[in-house]
Amino acid sequence: MYGKRWVIPGMILFVALAAFPFYWYAVGKDKPFPQLEMPKNAKACVEKTPFMRANHMRLLDAWRIAVVRDNLFVYTAASGKTFEMNLHKTCLGCHTSTEKFCDRCHTYNDVTPPCWECHLQTETASKGSAS
Amino acid sequence: MTISRRKFLKTTSVSCLALAAGPSLGHGYELLELPGRMSKGPEELKAKRWGMVVDMRKCDGRCTEDCIGVCHEIHNVPFIPEAEHQVMWLFQEPYENAFPDRSRELVSKVLKNRRFLLLCNHCDDPPCVRACPTQATFKREKDGIVMMDYHRCIGCRFCMAACPYGSRSFNFRDPRPYVRKINPAFPTRRRGVVEKCNFCQERLEVGKMPACVETCKKGALVFGDLDDPDSEIRRILAESPHVRRKPELGTRPSVFYLF
Ligand code: SF4
Ligand code: SF4
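First to last, the protein sequences are chains A and B. Each residue of the first sequence is one higher than the one before, starting from 48 at the first, in the working numbering. Each residue of the second sequence is one higher than the one before, starting from 21 at the first, in the working numbering.
It cannot be assumed that every hint is accurate.
Simulated DEER-style distance windows between Cβ atoms [to be verified]: (1) B:23 / A:108: 53 to 59 angstroms; (2) B:102 / A:108: 33 to 39 angstroms; (3) A:147 / B:77: 53 to 59 angstroms; (4) A:143 / B:52: 48 to 54 angstroms; (5) A:159 / B:264: 44 to 50 angstroms; (6) B:36 / A:66: 34 to 40 angstroms; (7) B:250 / A:101: 46 to 52 angstroms; (8) A:143 / B:210: 29 to 35 angstroms; (9) A:152 / B:102: 37 to 43 angstroms; (10) A:143 / B:124: 54 to 60 angstroms.
Everything labelled a hint here was simulated from the structure, so no lab data went into it. Using N, Cα and C, we set each Cβ at its ideal position, and we do this for glycine too.
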C-alpha cells in the first residue's frame, strides 16, 4: 500500500476524534433527575404518570383543539374520573407552582415551551402584571 | 440502472404528494390515542348560531365603561394609550364610522350624537376566516362563533385586512405589562398575534351569558340563538326594524342594531 506510514495512523486518529463524544460522555455522570414538588391536593394526575410524562403536551394539544373547535369541555379519563379540559383550572389547580414542577423538568431536558408567555399561574398573576 | 426522465418525474411527484397528504388528513388530535374520552360540558349554553342585538334606543352610551370595562378585564385586554397600538374587543364609534355605507348626509341628531357599541360581528360568511392561512381563525360549525386559536396565529394580519369592520387588533408589543388587572383564569396574548371578541366562548361553555350582556343594566344587549324561531332575539328582530353593518358585503353579520 502506498503511503502506509501516514494513512494508517491517520485513520486511527480520525476514528478516535470522531468517537470522541461517545467515550467522553461515557465517563461523565448523569445529572441527577430534578426533584419535583408534587401537588398536595391530589394523588393521581389525569392519566397514569408514565403516560402523562410522555404525552402531557399532546394531551393538552388535543384538549385545546377539542375545546376551541368542537365545543367539547369534559375529559373522562381511563379511570372514569372527569376533568374540565382547562389548563388553568385542572392542571394549575394542582400544580400551583410551575417553577417547582414544570420548569424543573423542562430545564433538565433543555426545552423551553412558551406556555407562560400567555397562560398565567395564579402565583405569578398575583405578583402584579409585570412579566 | 437507467431510469427515464418521465418515470423519474412521475415517481418523485407521487412520493411528494403522499408525503404532503399524510399529515393533513383529519384533525391533529386524532393522531394521539387518548386513553379517555371527551364530551360536552353539562351546563353549556347551546345554540345553532349565536347572535346579538344592540338596542341603541336603550344604550345611551353613558355607562359603556361598564360593559367594555368588564369585557376587557376578564379577557386581559391590554390598555395601550397610543391609538395606533390599541387593542379592542368591545368599543365605541360614532355613526359615520360604524355605518359608513349609510347616508351621512342629513343624519338625524339622535344618530349623530350616538356612540355605537361595536364588536366582532361573528359573520355567517366571515372573510377573516377565508383569509387566514393557518386556520388560526375559524368559524365553529356547532354554534357559529368565529373563534381564534392563538397558538396557531402567525401574525400575518391577513384577517385584519379582510375584516371590513375593524373588529381585530394586533399586538404590536408584549401586551402583558399593559393589562391593568390580570385575570389568571384567562390567558393573555403575546406579541405578534391578532385578537378579537370571542362572544365569551369560555363563559358559554360553563352556562354563562357573555359578560357585556350580563353587565348591561339597561337591557340594551340581547344574546341568543338566531336559528331558533322561538328565541327572544328572534322575537325582537321580528318586531323591530333593524340594521346590520355593511350588509351589502354579504358577510351576514350576527350582530344587529336597533335605532
Ligand atoms: S366582524 Fe370581522 S373579524 Fe368578526 S367575523 Fe366578521 S370579518 Fe371576521
Ligand atoms: S394574523 Fe393570525 S389569525 Fe390573522 S390571518 Fe394571520 S394567522 Fe390568521
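Here is what the structure says about each hint:
1. B:23 / A:108: 53 to 59 angstroms: 42 angstroms Cβ-Cβ, so the 53 to 59 angstroms window is violated.
2. B:102 / A:108: 33 to 39 angstroms: With Cβ atoms ~35 angstroms apart, the hint holds.
3. A:147 / B:77: 53 to 59 angstroms: Roughly 55 angstroms apart at Cβ, these two residues keep to the hinted range, so it holds.
4. A:143 / B:52: 48 to 54 angstroms: violated (27 angstroms)
5. A:159 / B:264: 44 to 50 angstroms: For residue 264 of chain B against residue 159 of chain A, whose Cβ atoms are near 45 angstroms apart, the range 44 to 50 angstroms holds.
6. B:36 / A:66: 34 to 40 angstroms: holds (37 angstroms)
7. B:250 / A:101: 46 to 52 angstroms: holds (50 angstroms)
8. A:143 / B:210: 29 to 35 angstroms: violated (23 angstroms)
9. A:152 / B:102: 37 to 43 angstroms: With a Cβ separation near 40 angstroms, residue 152 of chain A and residue 102 of chain B satisfy 37 to 43 angstroms, so the hint holds.
10. A:143 / B:124: 54 to 60 angstroms: Cβ of residue 143 of chain A to Cβ of residue 124 of chain B: about 56 angstroms, so the range 54 to 60 angstroms holds.
Violated hints for the displayed structure, listed by number in ascending order: 1, 4 and 8.
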